[in-house]
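Undergrad: Chains as they are written, first to last, in this note's numbering: chain A, 1 to 287; chain B, 1 to 241.
These aren't lab readings, by the way, just hints derived from the structure by calculation. The model shown is predicted, which means the values in this text are computed figures rather than measured ones. Take the hints with a grain of salt, since some may be wrong.
Result set (DSSO-like, lysine-lysine): computed pairs, CA atoms no more than 30 angstroms apart in a straight line [stated by the list, open to error]: (1) B:K218 with B:K65; (2) A:K9 with B:K31; (3) A:K76 with A:K272; (4) B:K31 with A:K272.
Listed here are the chains, written in short residue letters.
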Amino acid sequence: MVGLSLGEKHFIQGGIAQDLRSDGRKRLTYRPICVETGFIPQANGSARVRMGATNVISSVKAELGKPSSLQPDKGKVTIYVDCSPTAEPMFEGRGGDELSMELSVALQRCLLGGKSGAGAGIDLSSLIVVEGKICWDLYIDCLVISSDGNLLDALGAAIKAALSNTGIPRVNVAVGASGDQQPEVDISDEEFLQFDTSNIPVIVTLTKAGRHYIVDATSEEESQMNSAVSISVNRKGHICGLTKRGGAGLDPSIILDMISVAKHVSDQLINKLDSEIAAAEADEDES
Amino acid sequence: MEYVSPEGLRLDGRRPMEMRQIRAEIGAVAKADGSAVFEMGNTKVIAAVYGPREVQNRSQQMNDKALVRCEYSMANFSTGDRMRKPKGDRRSTEISLVIRQTMEACILTHLMPRSQIDIFVQVLQADGGTRSACINAATLALADAGIPLRDLVTSCSSGYLNSTPLLDLNYVEDSAGGPDVTVGFLPKLDKVTLLQMDSKLPIDIFENVMQLAIEGCKAVANYIREILLENTKQLEYRRGL
Numbered sequence: 001m002v003g004l005s006l007g008e009k010h011f012i013q014g015g016i017a018q019d020l021r022s023d024g025r026k027r028l029t030y031r032p033i034c035v036e037t038g039f040i041p042q043a044n045g046s047a048r049v050r051m052g053a054t055n056v057i058s059s060v061k062a063e064l065g066k067p068s069s070l071q072p073d074k075g076k077v078t079i080y081v082d083c084s085p086t087a088e089p090m091f092e093g094r095g096g097d098e099l100s101m102e103l104s105v106a107l108q109r110c111l112l113g114g115k116s117g118a119g120a121g122i123d124l125s126s127l128i129v130v131e132g133k134i135c136w137d138l139y140i141d142c143l144v145i146s147s148d149g150n151l152l153d154a155l156g157a158a159i160k161a162a163l164s165n166t167g168i169p170r171v172n173v174a175v176g177a178s179g180d181q182q183p184e185v186d187i188s189d190e191e192f193l194q195f196d197t198s199n200i201p202v203i204v205t206l207t208k209a210g211r212h213y214i215v216d217a218t219s220e221e222e223s224q225m226n227s228a229v230s231i232s233v234n235r236k237g238h239i240c241g242l243t244k245r246g247g248a249g250l251d252p253s254i255i256l257d258m259i260s261v262a263k264h265v266s267d268q269l270i271n272k273l274d275s276e277i278a279a280a281e282a283d284e285d286e287s
Numbered sequence: 001m002e003y004v005s006p007e008g009l010r011l012d013g014r015r016p017m018e019m020r021q022i023r024a025e026i027g028a029v030a031k032a033d034g035s036a037v038f039e040m041g042n043t044k045v046i047a048a049v050y051g052p053r054e055v056q057n058r059s060q061q062m063n064d065k066a067l068v069r070c071e072y073s074m075a076n077f078s079t080g081d082r083m084r085k086p087k088g089d090r091r092s093t094e095i096s097l098v099i100r101q102t103m104e105a106c107i108l109t110h111l112m113p114r115s116q117i118d119i120f121v122q123v124l125q126a127d128g129g130t131r132s133a134c135i136n137a138a139t140l141a142l143a144d145a146g147i148p149l150r151d152l153v154t155s156c157s158s159g160y161l162n163s164t165p166l167l168d169l170n171y172v173e174d175s176a177g178g179p180d181v182t183v184g185f186l187p188k189l190d191k192v193t194l195l196q197m198d199s200k201l202p203i204d205i206f207e208n209v210m211q212l213a214i215e216g217c218k219a220v221a222n223y224i225r226e227i228l229l230e231n232t233k234q235l236e237y238r239r240g241l
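Whenever a hint applies, use it, and build me the whole structure from the sequences.
TA: Following this line, the structure appears as structure tokens:
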């Protein structure tokens, strides 16, 4: 936990009010984002994202499974976040479980849509191999290595980067399997299918401190927040999910205002992230 | 199965006495007092040190020396197959204990009474020798945190397969069922602080295998010293000295 003196609190709040934060940023400026793909070679896809001192790793593993009977034409995606005690001694033992759970649920809400899988940011129907019988199960595991605020945005960015780094092996289904039989499959070692990530949303968290709201809050700034709204927006500018955290109530008109600001900010963020991901992939290809 | 080919090459193309490529980086976790990433081939671990600081649990406070604590955790994605419940199983508790004892032996705890030092190691990728990699990462992180140490403790493993002593086993060789000797070593004082072996080995061969692991530790120690020197130079440069 951050322990701030009264003077420091006033300094942070004053800075936000004057649109000049303690690290020199404006209210709606992100810290520089640094993406590194292929960080975990054993996974199907992985990425490390750094935003200032916040450092997260995301990895994607694909396994063949059976689609659920309610949605025979859709694959399954599970998002799981783990907070490493390296980030904060408080997370030792089971101490990080609560935050891990909160982040996992928020990410699922922002990226996977509702229970029916409708409106998901990730296209679940592209994961199907044989309808009703075989599909890919994607396990997205995230690890928080170092935390300095704004974990949700960083995790969202890491997942997007990891998915665009993911290669899913091509599967050849043996023809002739009929009726109720489980078809035989042959997983290719050489051919990989890329995942279409252009529609995966980014998450923009607006943290309200005092009368104003800021993006990409550091942990010092987060300690001053009264409420935060995380909005996931895709490239087309559609809102894919929304969560509000923090105790204080918000005026409905402010929420609408925040959404339109988030939409505006997300535009820049998506472009920035895409160019970072492309640069990281080019780097990886070279080495 | 043949682990050493007639030409004298191992499965991953190394010679029996060859280590995997090692790489280290200091300062991966900005908010910790000291941190380091350590890679041995595909094994990749990250260590963070918090402290010396106030003891969190008063009943554990010691009036004559510092309390050293350690937690080892493995990421879900660290192994080939995805792990489901990684926290607090017997294996990680045992490794936490081993690392704690090894590090405690080289920290000058009597200089920091009534305080606590936390060492957290996180395995990002496991490919054999995680124990050794964790100890090496923890040493670097402790040095980065500026904690007084008796010596830089380093660790390396060795084994014995196909009548050949092998240095620095990877996962395939580790799970072959042969003996696996993990040594923790203080290079300056020339002392062994950690020694673990499973399965059986004739005593004269054991001597060779242990000696091989000690040579490995010395090589790691040289590398760690280089990294620390490089880091200190950079700090010096940034300060404008």
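Undergrad: Each hint needs a verdict: does it hold in this structure or not?
TA: Going through the hints against the structure:
| no. | hint | verdict |
| --- | --- | --- |
| 1 | B:K218 with B:K65 | holds (29 angstroms) |
| 2 | A:K9 with B:K31 | holds (20 angstroms) |
| 3 | A:K76 with A:K272 | holds (29 angstroms) |
| 4 | B:K31 with A:K272 | holds (26 angstroms) |
Hint violations for this structure: none, all hints satisfied.
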